[in-house]
Amino acid sequence: MADESSIQNNRLQSQLIGKWWMPAIALSLGGLYLAMQFSSPEGAGRESFFNVAHPWSVYVFMASLVSLLVYGLVRHATLWRLGKDTPESVFANLPHRLKNVFRLGVAQDKVRRDRYAAVMHWSISSSIIVLTLVTAQVAIEDDTPLNFLHGPYYLFFSFYGDLFGLIGLIGVGMAMWRRYFVDFSRIRWDERPEDHLIIVGLGLVLLSGFFVEAFRIEVTELTQYPDWAKWSFVSYVLANFFEVFAMNDNQILWSHSAMWWTHIILAFSWLALIVFTRLDHLFFAPINAFLLRTDSPGRLSTIPNIEEQEIFGVGYIQDFSWKQLFELDACVRCGRCTDVCPANIAGQPLSPMHLIQDLKGHLASVGPSIQKIGNEGGDTRSVSPISMVGEVIHDETLWACRTCGACVQECPVMIEHVPTIVDMRRFLVMDEARLPQTAQAALQNIEMRGHPWSGTALERTTWMDGLGDVTIFDGTQDYLYWVGCSGSLVERNLPITKAVFRLLKEAGSSFGVLGQEETCNGDPARRLGNEYLYQILAEQLIGTFKEKNVQKVITNCPHCFNTFKNEYPQFDGHFEVFHHTEFLNSQLQSGALKVQHELPETVTYHDSCYLGRINGVYDAPRQILDFVPGANVQEMQRNMSKGLCCGAGGGNMWQEEVGERRVNHVRSEEAIATGASKVISNCPFCIQMFEDGVPAMHPEEVGRIQPFDVAEILELAVFGNQDNLEEEITEV
Amino acid sequence: MHFVVCAKQIPDPETPPSAFKIDESTNTVVPAQGFQPVLSQYDGIAAEAALQIKEALGDEAKITVLSVGAESAQAAIKQVLAMGADEGVLLQDDAFEGGDSHTTAKVLAAAISNLGDVDAIFCGRQAADWDVGQVGLLVAEALGWPAAILAKGVEISDGSMKTTRVMADGFETVSQALPAVVTVSNEFGEPRYPKLQQIMQAAKKTVTTMTHDQLGLDPSEVGSSGARLKLEKLYIPQSDSQVEIIDGETPEEQATNLIAKLVADKVL
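Chain order of the listed sequences is A and B. Numbering-wise (the numbering used here), the first sequence opens with residue 2 and increments by one. Numbering-wise (the numbering used here), the second sequence opens with residue 2 and increments by one.
If we strip away everything but chain B, and leave its shape as in the complex, we get (with noise of 0.2 Å):
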């Protein structure tokens, strides 16, 4: 068997608001001073689960863990390894930046096309930072894979995943024929904490890094080229509130106060 976990490194979710700045002029995060680009966790899920399926079967299985990013990005490759996954690649470019989730199923799939012998690709449920949720069902759709998405549990046998769905009013479960994609929600439970000897052996290994040529891909069909979504405006929404408190000597008399104010105000 071999799996493929997708990771993502993203701007720390928990950046100070304060620290957290937009330059509106090219739409872009500014990286905030102190604050390193971390693995989104929702991904640590996915290699969570594909972890506890490889154990299921006796470790008779590879786990690859790629991500189109930057140089940084290898160290959230370097995190799934030290969980125990296999073996790494980053799909780095500059033909890859300014793309949208379109363009990075394309990579994500081709790099696994390139791969071969995928039977499984675990995402997580969506990207920390845009929490958009495309790239799973894109790249399946790219492979002409089935897939499920909020999965809260996965099992594998027989050629087939098994998957518990979270959905709006309960759980579904539903089974498909591998190769198949699954995206991992929160629901399924937390990433594991790597063993010191396995961080000292991820830090030993080597990321393999891909451009556009190794993986047969046109510049044009990538990154900002390919990108069928322009974002027109990146902006810190104001929010203004006003408070008001409430006068009375007692809580009859505020509450009495309240009523007419929210009467004056036309909320009741």
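Only chain A is shown next, with the shape it has when bound in the complex (with noise of 0.2 Å):
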């Protein structure tokens, strides 16, 4: 049984904080509700600009804002502009666009993914959002013939104001009570003096507005109307507490003005960091929200006309899309992506922060000389000192990528990093030819053999010895099985390929196999960098689908699953795809399947990042173990969309890793926390890395846990534990 409680309370979590906007609208109208109730308020209103001796200043602040405000976005603009067009056009899909914005922009799901900063976040921002409409009333009531501010809805306005002005410095407390008193490193992996300036500045914008407004209740309401004074629940207490003070009504008209002028002076100033600072994630991220592609996080974007290209990838700042730059400005520096990237977390040269934080500031160094000798007709790609790729970037830091896709999902400005470290590998792979040795063999031995798997002694029909009649697909059934290169070719795999061509048969379905006609579809040459290689690979193979008429593919492999399902599409190669584990889950749904053998075992279950956070395949793996009678599954800390990549990803399968640690033994050594016997997952890949790294991890045998195939187990659910499967494995 999948742990039900660990799953249902991460789904919770995000549901109740995800509704924000009900207890703060509930609130709202229950203080509106009141003031309605309120006795005699008719006469509740205020002067708007109280004791101001030249109010009209204020709007020579605002326009000084705006016109900082237009220039910054210019000065910024300027740079975003040397990025050529995006592949697609940034209005496509409107209405999921818009959705994107007010999802992850204005509920900011994203920050939500860590429950602390949620709340400190929603706070800060709802209490600006909020504040700048309590200011922009004052101005309609002071300065349009609108009069609004008057009677029950004056003293409602005094209400939320000073709620929200009190939960805008409860954030703040919560930012300051993160960033001085307790080790929280992420935020301070690339502090600078601006992000004090800012939560600093924000609490001194906060509590100077609780002032002014006491200074002024002191002296207008507290004695005279108390009972409008105590909707300014903040300040009224405050007011009280100046009491003490004793001052005569000269001296509080004093402080007011001045504490008037310091707030309204502050706040500007605040404001005017969004120029100077990050604080422009303000404006920004909700725009990338709407930049966002709208289309599979696992899908890459093609090249088009390869042939004709001279350039390929992205070696220069001005070969990124517009959109790409864009985003580097997006940063906010936050950490969350370095923070759950699995080279990160093993100690290897990869940060995604602050691999967009030196594109940014490369970008801020050239951006305005490329934009000048562009002007003037003159080669861009010769202006930088130094290469962006290998110097700015290192090689390393981009073989390091696992294209897990876990800086993308918990970005919470919505950078996507995958597709710029893959953009930046094309160029080193395509254009520079300089790659790691065994990723290179890697991409050799597909051009040569058709599979990555250089030194193998198997061939693709290996694993069908024993198994008897092995149907070869002729487009008169219903399902091609694809076993792919992994699934044939290592020898640790032949048990899984044939659990799930036993269970297919088992389950009835109508299906073949290619044989030795499957050859690589390019996968893994495109997430190292060569484009060309994949290009060629995928017209092949969907001309080979079209011609034995292939409909419906059922993948061993999430990395082929992904590939047919999000990225033939791109090459007009249309298939409904299933990886195994639906497919599977759906035979034990309707019961096609049915397990009669008991596993009483507690098992771990991997999430792999190709099924699960790219594609969303969380439950159907998860509800396979629940029909398993007795498996009791014992969730890992990280799991679902947080789940850590095995280590493989990426074409990291063929590479040396660079670095303190392995990912896979990393990962490997959350599983055996879990005190599982069995680890188990949906990926021929993360199997290899549990095979390599639990051994490394647990060398002692006994009480190891095992690596096993979510059909490996459904195997012995439906079958029962019979000897003769073990002899069934191929003696090579």
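Each hint should be verified, as a subset may be incorrect.
Short, incomplete list of chain B residues facing chain A, as computed with Cβ under 10 Å [claimed, not checked]:
1. Pro17
2. Ser19
3. Gln37
4. Pro195
5. Gln198
6. Met201
7. Ala204
These aren't lab readings, by the way, just hints derived from the structure by calculation. For glycine and all other residues, C-beta sits at the position ideal for the given N, C-alpha and C.
Combine both chains into one complex, guided by the hints.
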């Protein structure tokens, strides 16, 4: 049984925090109702610019701020415009994009993935939004014929103004607590003076606002209209406190005036930080939510007409798309991406946050010259004195990426790191031909032999030994069972392939395989940056599929699954694709497959990145495990969308790892920590990584956790633990 | 400067043993289904050596790839062209078939004489199919040029070639006047990964094909008619191994039983 509680907790948590606006609305409506019930509020109201000598000066500040914002925008935009067009229009799929703006920008879905930050950030952002509206209402009241700040609404207005001021201060307090009083490392990985300025500045703006109000109340309401004053509940308390100083009215009025100017100057100065600091995410985050791709995160962009290009991938900052350049400015250095990056966790030389910041710095330093040279019609590629790929971003940083998508998943401002990294890999591989020896060997093996497994002694048909008749797909079967290179050429994976085969047969499915005709679908080539090789393989295989009238595919491997499902449509290859866990689960649900044998064990389940995070298939494999009688699933600390990569993704299966630890050792440790007897996954690469990592972390053979595929577990549950199963594994 | 790289296309050495078949009636290897022939790995290294020297000379050199083989060997030539070689010539003729190292060297030497102005010839230390390792030396012999074999480092300057050779007990550095032949060993390093731009340029290049007529060779002196070596029998050796698990409760007991067994079998 899956560990319901932890999964439920995850979901409940995101749902509860997701509905932050519900309590806010309830609170506000309650306040409004109470204000309406208030006995004699008719006269309630105030002079907008009470005791202020030159209220028009606010508009001077306002105009300066707006000019500054426009200046900032133009300055940024000239740099973004150095980039190329986006591969797809950013206005395509508009409803989806608007939904993203609401969900990811306004409702801050991604921010909420960290509970503490969710409360803190909502407190601050909602306070800024509400208080801006409060201020705007004062301006409207004063400078337009509209007069509405009186009576019950005035009292309600006083109430929520104070409420959100207080909420803002709570947020600032939480932020300061995390920045100054606890060892919260990720926000300090790239800490800059502006970070203190933003947080302390906001605190002072809010405090000074309360002080202004308190001084005013002390003179105009506290004794005259104490019932009104109570609605400004924070300032009311503060005003009462000021009474201990026993100032005369003139002193209070002077203090009020001084505090008003302090507040105004602080507030506008703080808002000006938007232009100069990461506070610009106020605008950039929702805009980036709009620009966020609307197709699958598992799809990399194509290079159209690749044979006619002169430069492949991105080796120069101006070769990124303008959206990729825009993203650099959206980054707030929160460190969430780096915090979840498997390479970083293992002490390897990749931090997605620093990568984005380094590119941003590079853009700022060479961008203006590139623009100038470009305008003069010069060669913009010779502008930068250092090479972006190699010197600004080191080769080993790019190679350490697993393309697992954890950074993209976590980024609260919707930056897509993975396509940017792969674009630079493309430059390294296709333009510079500079890549790790082992990755080169894998690519050359794909070129020469159609699979990445250099040195394998197996054939594509070896797994069929002992299985009796294996139908070769000829278009008359419903499904093509796609075994894949890893499923047929790596010895460890043969039992998985056989298990899926036997289960499909048991379920009475109509399916066939391609056998010798299978060839690499190009995924490793694409992820390693050889788009050219990928396109050749993809077009070839799509041709084969069409020729054989393939409509539905069941894959062994989540990487093949992702490629067929998300990437082949780019080349007009449209197939209905299932991962074996999805298909086998449907067969269990329909009763075509029946489990008959118990497996009284505690197991843990590892989400592969390309089935889980990237394609959102979390439930099917867990539901299969639910069907297995006796199996008790103990989830790992990092699971579902927060799951950790096994270390093999992004072509790292064929690379030597550089750094303190290996990713598979880290993940194996986490699996071992559950105390389970089996770690179950759905991907041949994950299985291989565990087969390697578990013995390293648990040298003692007794009591060692065993890596299993979901299909292997289901095979045991359906057919029982037959000794001859073991013997069927071909001796090579 | 003009360099020649000799490249051979061979059956894929990574063909799984289960797919490797021999036709004992004709003494030939049956091409394994689904496995394309490849460039012999040592020849790729020889090409790398030539390319590095070309780069060191500031690209003031031309590299021509020569291959004796079937039509399919075009792929091997293209692979070296993609790495950066300039021209390719395929020496293709039914008359060249069934030859040995001697006749292959004769064809290559004729082609090199035909090219005319060649300064250095780079061969792999051996072809990775038959592993004979004679063609480089025999080409030198046919041309009357000096040769150095098993090089892990090659430099060319001032009309001479300096080679660091791999010896059984160390390294040896030799100099020889150009024109000269060198066979390059795997210790030299890995061949480069071609840039896509070069792959596409190579794809557009045409590989010249030459036959015995154009090379001025008599069919009787090349191919099977000219071969001095006769293949008597080609077969896959049968190797039987029997495994016996030695009993014993403890490692000590197992060791004792093992020794007893070895003594009984007269191994010890």
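> Which numbered conditions among the earlier hints are violated in the structure presented, ordered from lowest to highest?
Replying inline: No hint contradicted; all consistent.
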